[in-house]
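Could you put the whole structure together from the sequences, leaning on the hints where they help?
Chains as they are written, first to last, in the numbering used here: chain A, 106 to 216; chain B, 7 to 118.
These are calculated hints, taken from the structure and not from any lab test. Fair warning: there could be bad hints in the mix.
Reference listing, derived: stretches of chain A covered by chain B, where coverage requires no fewer than 3 residues with Cβ under 8 Å from a Cβ of chain B [as the list claims (entries may be wrong)]:
1. 174-185
2. 200-210
Calculated lysine to aspartate or glutamate pairs in the EDC-like style (CA-CA distance at most 20 Å, straight line) [as the list claims (entries may be wrong)]:
3. Lys146/A to Asp111/B
4. Lys146/A to Asp44/B
5. Lys145/A to Asp62/B
6. Lys145/A to Glu174/A
7. Lys173/A to Glu131/A
8. Lys173/A to Glu160/A
9. Lys142/A to Glu58/B
10. Lys77/B to Asp32/B
11. Lys145/A to Asp111/B
12. Lys77/B to Asp62/B
13. Lys63/B to Asp199/A
14. Lys20/B to Asp32/B
15. Lys108/A to Glu65/B
16. Lys146/A to Asp32/B
17. Lys15/B to Glu131/A
18. Lys172/A to Asp199/A
19. Lys142/A to Asp199/A
20. Lys108/A to Asp44/B
21. Lys15/B to Glu85/B
22. Lys142/A to Asp111/B
23. Lys172/A to Glu131/A
For every residue, glycine included, the Cβ atom is placed at its ideal position computed from N, Cα and C.
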Amino acid sequence: EDKVVQSPLSLVVHEGDTVTLNCSYEVTNFRSLLWYKQEKKAPTFLFMLTSSGIEKKSGRLSSILDKKELFSILNITATQTGDSAIYLCAVLADTGNQFYFGTGTSLTVIP
Amino acid sequence: NAGVTQTPKFQVLKTGQSMTLQCAQDMNHNSMYWYRQDPGMGLRLIYYSASEGTTDKGEVPNGYNVSRLNKREFSLRLESAAPSQTSVYFCASSESVRQPQHFGDGTRLSIL
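What follows is the structure in structure tokens.
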């Protein structure tokens, strides 16, 4: 059975800290991995990764995929209180049409 | 710029009652999805519609039915609600099935 595991489950940091969120997966015939940010309501899309070793970057957020070791990390530098959210990872297999989501990492940034 | 709109936002039902959750998107997306989100379980796919006129089961389809009414609208029906269906339901859409999804704000459903 396909599986996506995120760690840590929750994290509390101070503004200005750098955080690294992890997503490991066991998916047959991996195709792509996505990161989402969920604040109070709808998850919003951050990154889509398909190739190993290529960093995706948007402002203070960046993500990289390691297809050999079957994981991805999401880095947030110089955290702000607005980064407080649940970060979700989802994986798509090449043979299917559905994304499998991890349970998420809850990040709290305190002033 | 509405994106994905879900109605209602909140609903309380009694066990055995029926209910239809509505979803509409204005992005001209081909694919639409229904997920449920439960504490400690993450988002789980109930049903999806790869394109207008098609629907397929996801990971947790039991107790639900769906209708892809047209390209814009995708509804989820609970025929006989059970307490185990208490959850937050999210509708999403994407250009195609393997593309990033845009989510609605969710419907919080409680079944007593």
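- Item | Claimed coverage, the segment 174-185 of chain A by chain B - three or more beta carbons nearer than 8 Å | Three-residue rule not met by the segment 174-185 of chain A, so violated; n is 0.
- Message: Count the residues of the segment 200-210 of chain A whose Cβ falls closer than 8 Å to any Cβ of chain B, and tell me whether that reaches three.
- Response: Held - the segment 200-210 of chain A has 8 residues with a Cβ nearer than 8 Å to chain B, which meets the minimum of three.
- 20 Å Cα cutoff - pair Lys173/A, Glu160/A: holds, 15 Å
- Straight-line Cα separation of Lys142/A and Glu58/B no greater than 20 Å? violated, 28 Å
- Assess, step by step, whether the Cα of Lys146/A is no farther than 20 Å from the Cα of Asp111/B, and give holds or violated. holds, 5 Å
- Query: Is Lys77/B close enough to Asp62/B, meaning Cα to Cα at most 20 Å?
  - Reply: holds, 15 Å
- Distance restraint between Lys77/B and Asp32/B, which requires alpha-carbon spacing of 20 Å or less: holds, 9 Å
- Query: Straight-line Cα separation of Lys108/A and Asp44/B no greater than 20 Å?
  - Reply: holds, 17 Å
- Within 20 Å, alpha carbon to alpha carbon, are Lys145/A and Asp62/B? Not OK: Lys145/A and Asp62/B at ~29 Å, beyond 20 Å, violated.
- Task: Could you grab the alpha-carbon distance between Lys172/A and Glu131/A and see if it respects the 20 Å cut-off?
- Result: holds, 11 Å
- Message: Check the hint pairing Lys142/A with Asp199/A against an upper bound of 20 Å on the C-alpha distance.
- Response: violated, 24 Å
- Message: Tell me if the straight-line CA distance from Lys15/B to Glu131/A falls inside 20 Å.
- Response: Since the Cα atoms of Lys15/B and Glu131/A sit roughly 34 Å apart, the hinted pair is violated (cutoff 20 Å).
Checked against the numbered hints given earlier, this structure breaks hints 1, 5, 6, 9, 14, 17 and 19; the rest are met.
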